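Asks: In my numbering, the protein residues as written are 377 to 434.
Think of the hints as simulated: they come from the structure by calculation, not from any bench. Hints are not guaranteed to be accurate.
Unchecked claim - If you anchor each label on the Cβ, the simulated ranges turn out as follows:
#, residue 1, residue 2, range
1, Asn425, Ile389, 40 to 50 Å
2, Arg432, Gly401, 16 to 26 Å
3, Ile421, Gly401, 23 to 33 Å
Note that the structure is predicted; figures quoted are calculated from it, not measured. For glycine and all other residues, C-beta sits at the position ideal for the given N, C-alpha and C.
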Amino acid sequence: MEFLAPALVISIITLTLGATFVLRGPLGKALADRIGGRARDDAPIERLNQEVAELRGA
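Using the sequences and the hints, build the whole thing.
Replies: Here it is, written out as C-alpha cells:
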C-alpha cells in the first residue's frame, strides 16, 4: 500500500491543477453563469418578453 501513496498524491495534484485551469477559463465562467441563472441565451428571451409586455400594454 505504501507504493501507491506517491502515485495517489501526484494524481490528486494533477487533477486539482487541471480543474483549476479549466474552471478559471471561459468554460468556468459559462458554468458560473449557468449556475447563477444568467445563461448566455437568456438575453434574447428577456428582450422578447419585454416586447410582448409592451405590445400587450399598447
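Asks: Hint by hint, note whether the structure agrees.
Replies: Verification of the supplied hints:
1. For the pair Asn425 and Ile389, the supplied restraint of 40 to 50 Å holds, since their beta-carbon distance comes to about 47 Å.
2. The hinted range of 16 to 26 Å is not satisfied by Arg432 and Gly401, whose Cβ atoms lie roughly 42 Å apart.
3. Taking 23 to 33 Å as the suggested C-beta distance range, the pair Ile421 and Gly401 conforms, at roughly 26 Å.
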